[in-house]
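Engineer: Listed in order, the protein sequences are those of chains C and R. Take the first sequence: its position 44, counted from the start at 1, is 43 in numbering that gives the first Met the number 0, and no numbers get skipped. Take the second sequence: its position 257, counted from the start at 1, is 256 in numbering that gives the first Met the number 0, and no numbers get skipped.
Errors might be hidden in some of the hints.
It does not matter which identical chain is used: a pair holds within one copy or between any two.
[Said to hold, decoys possible] Keeping only pairs whose Cα atoms sit at most 20 Å apart, straight-line, the calculated SDA-like set for lysine to any residue is:
(1) LYS47 <-> ARG267
(2) LYS146 <-> ARG186
(3) LYS146 <-> THR50
(4) LYS146 <-> GLU18
(5) LYS146 <-> ALA54
(6) LYS47 <-> ALA96
(7) LYS146 <-> VAL325
(8) LYS146 <-> THR15
(9) LYS146 <-> ALA14
No lab work stands behind these hints: they were computed from the structure.
Protein chains: 2
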Amino acid sequence: MTDIGSDRVERRRRATSVEVARLAGVSQSAVSRCFTVGASIAPDTREKVMTAARALGYRPNVLARGLVGSRTDLVGVVVGNLDTPFEAFLFDRLTDALAAIGKKPLVVRSDPAGDVARPLLAALDYQVDGVVVLAGGVTRATVDSAKLLGVPLILYGFVTTADLVDCVCCDNAAGARLVADALLASRYRRAAYVTGRSSAFSEGERRAAFLDRMARGGRPVVRVVEGDYSHAGGMRAGLALLSAAARPDAVFCGNDATAFGVIDAARRRLGLRVPEDVAVIGFDDVPMAAWPGYDLTTVRNPVDAIVATVRDMLARRLADAGEPYVVHRTTPTLVRRGSAAV
Amino acid sequence: MTDIGSDRVERRRRATSVEVARLAGVSQSAVSRCFTVGASIAPDTREKVMTAARALGYRPNVLARGLVGSRTDLVGVVVGNLDTPFEAFLFDRLTDALAAIGKKPLVVRSDPAGDVARPLLAALDYQVDGVVVLAGGVTRATVDSAKLLGVPLILYGFVTTADLVDCVCCDNAAGARLVADALLASRYRRAAYVTGRSSAFSEGERRAAFLDRMARGGRPVVRVVEGDYSHAGGMRAGLALLSAAARPDAVFCGNDATAFGVIDAARRRLGLRVPEDVAVIGFDDVPMAAWPGYDLTTVRNPVDAIVATVRDMLARRLADAGEPYVVHRTTPTLVRRGSAAV
Chain C
0 MTDIGSDRVE RRRRATSVEV ARLAGVSQSA VSRCFTVGAS IAPDTREKVM TAARALGYRP
60 NVLARGLVGS RTDLVGVVVG NLDTPFEAFL FDRLTDALAA IGKKPLVVRS DPAGDVARPL
120 LAALDYQVDG VVVLAGGVTR ATVDSAKLLG VPLILYGFVT TADLVDCVCC DNAAGARLVA
180 DALLASRYRR AAYVTGRSSA FSEGERRAAF LDRMARGGRP VVRVVEGDYS HAGGMRAGLA
240 LLSAAARPDA VFCGNDATAF GVIDAARRRL GLRVPEDVAV IGFDDVPMAA WPGYDLTTVR
300 NPVDAIVATV RDMLARRLAD AGEPYVVHRT TPTLVRRGSA AV
Chain R
0 MTDIGSDRVE RRRRATSVEV ARLAGVSQSA VSRCFTVGAS IAPDTREKVM TAARALGYRP
60 NVLARGLVGS RTDLVGVVVG NLDTPFEAFL FDRLTDALAA IGKKPLVVRS DPAGDVARPL
120 LAALDYQVDG VVVLAGGVTR ATVDSAKLLG VPLILYGFVT TADLVDCVCC DNAAGARLVA
180 DALLASRYRR AAYVTGRSSA FSEGERRAAF LDRMARGGRP VVRVVEGDYS HAGGMRAGLA
240 LLSAAARPDA VFCGNDATAF GVIDAARRRL GLRVPEDVAV IGFDDVPMAA WPGYDLTTVR
300 NPVDAIVATV RDMLARRLAD AGEPYVVHRT TPTLVRRGSA AV
């Protein structure tokens, strides 16, 4: 449709399946079968076709499938900042799982704080079979665009009102309550909370449940300080909290990166002992949380379960677009390590 | 070409530009201009077209461009394990830089130890404008396949003999010599080396240059232990080296993740002080190296320079496929922090 004019370049013309068939001395249908997954073809015919295809530099055009109404096997993956341990971990596992079912992830970057409308529409331009949104919220209008095109949309870490879109999200409130209950049963008396990015859906759920449970348990949270899911934000929050006269003796953090920052502030900047002087607890259980350098007590946000659920939702939706929409909450667990005596 | 039979699903038929033009009451050419970057169109015409396009769920088909010989704006990015800090960091910055020039990264996973022929051919199936290989070596046959199709191929961290393909690679030998020179000028007398994955191109260069320079400086390396670029591998190597009777007083590691493992083994498992009892030095300078918890002295493998070079190589190659191939070596620097008194 579009001609990009001055942007156009000379490209070697691609060989066609007719030319491959001619060189191989086989039928065009044999060439087609040779490049179709699951199609039957005699080994010596396949050998002839592959030799001719190699000689001509021929590759079947997968994208052409998208133009005739079938699958491209592309899946749009909308991501924010892969420079944070949890997103990199989740993205790594998700792309592995997609590759295992023959899907190719088309990466579209989003502003984690913004709506994903633009990145999502960019993915839809490429005739993707579906879109998985790992970061960013969506509006009703954006969901409607995807639905109009019949493209399955799966949201991670964000839950919309029912029957609009498939959602996978950790049961954040349950995770925060696990931490509150562990602290209420411990010797720690003065708990503080370092938030994640305030616009994040998960952040609201984690904070509300933690503050509520601690208050009901008779040890209301003594201070809430703003973080931004980064190590640097955790350092700043940790310094603010732990250099105050009446410092907290336990700090629950919006994610693991924040908790690593609080631990570094406590140990390396203020000379405090973790967990003797202050307990630090994270959320996510990224691989680094198990490294002895941090040995972080944290809530496990189960990446394998998230990825398996996304994969299955996508497969189900591709098989039957009319199924009811699902909101799946994964179950968190508390992983007790050395950063908190709980 | 291929019909995937039982795999086929019902998908809502896409609206055409003709239908959008009719609903908007404008010409088809106006619809086309509205979706062409840089084309001129009156604001009220654009408004009519966008309203009609939204109502019909119309999106221009970017992939169709690929079928008529022009650009798709897809760039294949072949990656290994994004669960390692350096690869995640590099991938994050590269996808940002590609997005800034309007390219969409199509992610193809590779076995870091294997040839990238299969993942590369998978990317070529999607009519990508180019392929950037971040992990894995390539054979001559693989390079030839890409050249036959006229698709630019850019390799990171791997250098082939000249005039075959564009390559970007850290000057690994220079980086290793910076470490050797710093150690030779220091009070440390017994240096050890923990390798990266032995099959990696960079590993061979780093090891050879470090061993050579230390030997020439009169303090030959006392022991070489195998690592695998992972924190766990670094822990194992660190325990093996530092629990020996005649332990080294300095350990240079194939990458930062390995160095974090050696530091954790020294401090948390063996009760040694870093840098007083043992110096630990890494390679890459991932963001985490600056965290006070590790405060790692390391060789900076300049990600911003790598990414800018890849972006410029791709643009140059797309503008003129006939340019001579380039091997670009980025210049490393030594970043002195607290893990080594050098």
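Engineer: The structure should be examined with respect to each hint, and the outcome stated for every one.
Structural biologist: Structure-based check of all given hints:
| no. | hint | result |
| --- | --- | --- |
| 1 | LYS47 <-> ARG267 | neither (66 Å within a copy, 60 Å between copies) |
| 2 | LYS146 <-> ARG186 | neither (52 Å within a copy, 67 Å between copies) |
| 3 | LYS146 <-> THR50 | between (43 Å within a copy, 17 Å between copies) |
| 4 | LYS146 <-> GLU18 | between (40 Å within a copy, 19 Å between copies) |
| 5 | LYS146 <-> ALA54 | between (43 Å within a copy, 12 Å between copies) |
| 6 | LYS47 <-> ALA96 | neither (33 Å within a copy, 42 Å between copies) |
| 7 | LYS146 <-> VAL325 | within (15 Å within a copy, 46 Å between copies) |
| 8 | LYS146 <-> THR15 | between (35 Å within a copy, 17 Å between copies) |
| 9 | LYS146 <-> ALA14 | between (37 Å within a copy, 13 Å between copies) |
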